[in-house]
Structures are given as structure tokens and as C-alpha cells.
Amino acid sequence: MDGHDADNTKQSTADMTVFLRLFTRAMLCMTSQINTSRLLANFSYFVSALAGTESASTNGESISLHQLDDMGNRIDELEQSINDLRIEMGQEGSSSPSATVKSKDDTKSADDSA
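Quick note: the sequence shown uses the working numbering, first residue 1, plus one each step.
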């Protein structure tokens with residue numbers, strides 16, 4: 001009888017392992033499908049905006065092309081303000097903060113190799 005109980009325990013453990021693997025895969029697939037559907041919704045939103053429709057909607061909210069243009073203009077103004085601040089600070093040559101960091105790292109590595 002002891003051998004029979006040990007076999008049942010091993011089988012039960014094996015069954016639980018298989019169940020957990022299948023469950024984990026199912027959960028990962030569901031997560032992937034949710035992310036894919038969100039990605040497709042966002043993609044279709046931007047395609048409709050680029051196609052020149054009067055408004056693009058996502059999640060029941062509507063955004064007009066005029067509002068998108070306004071946001072683009074605000075982004076342009078923000079970029080210009082950032083560039084003006086860089087000029088004032090003497091960082092005229094860098095196009096982004098990461099470029100400044102990279103150039104400092106490059107000079108360090110050149111000094112280390114010498």
C-alpha cells in the first residue's frame with residue numbers, strides 16, 4: 001500500500017506541474033493578446049488621424065485634427081525653448097541631453113586608454 005500511495009503522490013505532483021505550466025502559458029497568451037489589441041487600437045487611431053479624417057477616436061473619446069496640430073505646435077515650441085536654454089548654458093552643439101553624457105563618456109575612455 002505504501003508504494004501505491006507514493007505513486008499517487010508522484011502522479012499528483014506531475015499533474016499539478018503540467019496544470020501550472022498550461023495555466024502560466026494561458027495567462028501569458030492573454031496578456032499578449034491584451035497588449036496586441038491595445039497596440040492595434042492605438043495604431044488605427046493614428047492611421048485615421050493621418051488619413052485626414054475629421055476626428056480620430058480611441059476609447060470613445062474624439063480628438064480633432066486641429067487639436068493634434070495644436071499639440072504638435074506646442075511640442076515644437078517646447079523644443080525651441082529647450083534649445084534656447086541649451087544655448088544660454090553653452091551647450092550649443094548637443095542635440096539632446098544624452099549626447100552630452102555620451103561625449104563625456106567618450107573623453108573618459110580616451111583618457112583611460114592613454
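There's no promise every hint is true.
[What the hints assert, rightly or not] Distance ranges between label pairs, derived from CB positions:
| hint | residue 1 | residue 2 | range |
| --- | --- | --- | --- |
| 1 | S81 | A26 | 33 to 41 Å |
| 2 | C29 | D84 | 45 to 53 Å |
| 3 | D15 | D69 | 58 to 66 Å |
| 4 | N83 | T31 | 22 to 30 Å |
Derived from the structure by calculation, the hints contain no laboratory data.
Ideal Cβ positions, reconstructed from N, Cα and C, are used throughout, including at glycine.
Cross-check of the supplied hints:
| no. | hint | in the structure |
| --- | --- | --- |
| 1 | S81 - A26: 33 to 41 Å | violated (49 Å) |
| 2 | C29 - D84: 45 to 53 Å | holds (49 Å) |
| 3 | D15 - D69: 58 to 66 Å | holds (60 Å) |
| 4 | N83 - T31: 22 to 30 Å | violated (40 Å) |
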